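J.: Chains as they are written, first to last, in my numbering: chain Z, 1 to 190; chain C, 1 to 190.
Some clues are possibly wrong.
Copies of the same chain are indistinguishable here, so a pair counts whether it falls within one copy or spans any two.
[Unchecked claim] Using 20 Å as the maximum straight-line C-alpha spacing, the simulated EDC-like pairs for lysine to aspartate or glutamate come out as follows: (1) K105 - D171; (2) K21 - D33; (3) K21 - E112; (4) K21 - E50; (5) K167 - E189; (6) K105 - E20; (7) K118 - E140; (8) K7 - E140; (9) K49 - D171; (10) K139 - E189; (11) K21 - E51; (12) K166 - E59; (13) K118 - D73; (14) K166 - E74.
Worth flagging that the hints you see were computed from the coordinates, not collected in a lab.
Quick caveat: nothing in here was measured; it's all calculated off a predicted structure.
Listed here are the chains, written in short residue letters.
2 protein chains.
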Amino acid sequence: MKVTDRKLEILRHAARLFREKGYRAVSMRDLADALDIKASSLYNHIQSKEEILSSIILEVAEEYAKGMQRIQDENISSIDKLKKLITLHIQIASKNSNGMAIVQKDWMHLEEDLAYYKQLRRDYESKFHQIIEEGKANKELRSAHTETIAFNLLSTLNTLYLWIPKKSNLDVAQLKVELPLLLLSGIQED
Amino acid sequence: MKVTDRKLEILRHAARLFREKGYRAVSMRDLADALDIKASSLYNHIQSKEEILSSIILEVAEEYAKGMQRIQDENISSIDKLKKLITLHIQIASKNSNGMAIVQKDWMHLEEDLAYYKQLRRDYESKFHQIIEEGKANKELRSAHTETIAFNLLSTLNTLYLWIPKKSNLDVAQLKVELPLLLLSGIQED
DNA sequence: TATTTAGACTAACAATCGTTAGTTTTGTTA
DNA sequence: TAACAAAACTAACGATTGTTAGTCTAAATA
């Protein structure tokens, strides 16, 4: 599935607009205006508005899925897995904060790929829970409720897209140091 | 500004629909269907679609503003203020999780009240930061960056609406105990 | 019982939506 | 330069949008 330059440009503008105004509030004419062409010309490059949304969301979702799989397969402690997951979130949010925002806000407007997206998300959260459970079994983590721990971690990580664009690159580097400390010191067994 | 029963019923249904599908994806006909009337009949009770959104969002935002003011005026430690803020968020998210969801997702669709809402939000976050700063000055809190601490806390608190509806009432009681420990143990000076 | 009123209705409006068909322009390759 | 392909264009479609005007009905009030 080759993606041309022009199509990438469309996706990039769409991501920015969807993030600012929400998928349903951005018309094909709005998107076309941003590219300085007519709405009908978009259809030389894409099949439908929904295909745009789907491309943006699945790119992010699959990147998370791959990252999780890679980390899960490593032979390291649960704490180290959690640290790598935090880094994964920071990296994706840095590279593609518009995409992350759209995943969080507009996933429910998927149609054809809705079930697939939900499956990816369920898998991700399930593996996240699993790593925490392992950590508790290994006595690496204190025995608070897994759901509460996971909720706290994922809430913060899933909201990084709101915060990272405001920060300089230096601050992001700092974040990679500070955030694991902040998120893990409360649950880590010493 | 008296609000009739019927209007409350409309707002309740609207909140549920807006939360499920997003403000822009819910038509006045969708909302009318949920109430088993015609779309035009809604206008006997409300002025516009946007007025509905505004009512829902400002109710929540003003409740946060009042709660914050009350807590800030109390003569207690910074840690205790943070604990009370956590409780405030849990209470509002329990009572009105649809409203909270809409605030997070659809605030940008406000028009007339957009500036007012943004002001309320700025004030809230600014006071939140202030309390953390006080805690650091008092040596109650460790000296991580205020922004990082606030971001972590607010991310989790602002996402409670996703989590609380899945839990029973008992679990919410448990949450009021567990969440302060989890959120504050990482930053509290012993 | 007569009057008023709250709240539903039907019908329609102008605007905007995503999308399609058919055509023209533009730039590259033979 | 001729031929071709990519990518723009104009024009229009049927559906849906929020909203308004005017009307009817049923219940409350006088």
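J.: Quick one: K21 to E50, C-alpha cut-off 20 Å, is that within a copy, between copies, both, or neither?
T.: both (16 Å within a copy, 15 Å between copies)
J.: Reference check for the pair K118 and D73, CA-CA at most 20 Å: within, between, both, or neither?
T.: neither (22 Å within a copy, 44 Å between copies)
J.: With 20 Å as the alpha-carbon cut-off, assign the pair K118 and E140 to within, between, both or neither.
T.: neither (30 Å within a copy, 42 Å between copies)
J.: Checking an output row: K105 and E20, CA cutoff 20 Å. Within, between, both or neither?
T.: Intra 11 Å, inter 11 Å, cutoff 20 Å: intra and inter.
J.: 20 Å Cα cut-off: does K21 pair with D33 within a copy, between copies, both or neither?
T.: within (15 Å within a copy, 26 Å between copies)
J.: Can you give me the call for K21 and E51, within, between, both or neither, at a CA distance of at most 20 Å?
T.: both (18 Å within a copy, 19 Å between copies)
J.: With identical chains, the pair K167 and E189 could be close in the same copy or across copies; at 20 Å between alpha carbons, which is it: within, between, both, or neither?
T.: Intra 31 Å, inter 27 Å, cutoff 20 Å: neither.
J.: Within, between, both or neither: how does the pair K21, E112 come out at a Cα-Cα threshold of 20 Å?
T.: between (23 Å within a copy, 16 Å between copies)
J.: Regarding K49 and D171, is the shortest C-alpha distance of 20 Å or less found within a copy, between copies, in both, or in neither?
T.: Neither: 36 Å inside a copy, 41 Å across copies.
J.: Can you give me the call for K7 and E140, within, between, both or neither, at a CA distance of at most 20 Å?
T.: neither (47 Å within a copy, 53 Å between copies)
J.: With identical chains treated as interchangeable, where does the CA-CA distance between K139 and E189 reach 20 Å or less: within a copy, between copies, both, or neither?
T.: So K139 and E189 pass the 20 Å test inside one copy only (7 Å; across, 24 Å).
J.: Given identical chains, is K105 near D171, meaning Cα to Cα at most 20 Å, within a copy, between copies, both, or neither?
T.: neither (25 Å within a copy, 27 Å between copies)
Hint violations for this structure: numbers 1, 5, 7, 8, 9, 12, 13 and 14, all remaining hints satisfied.
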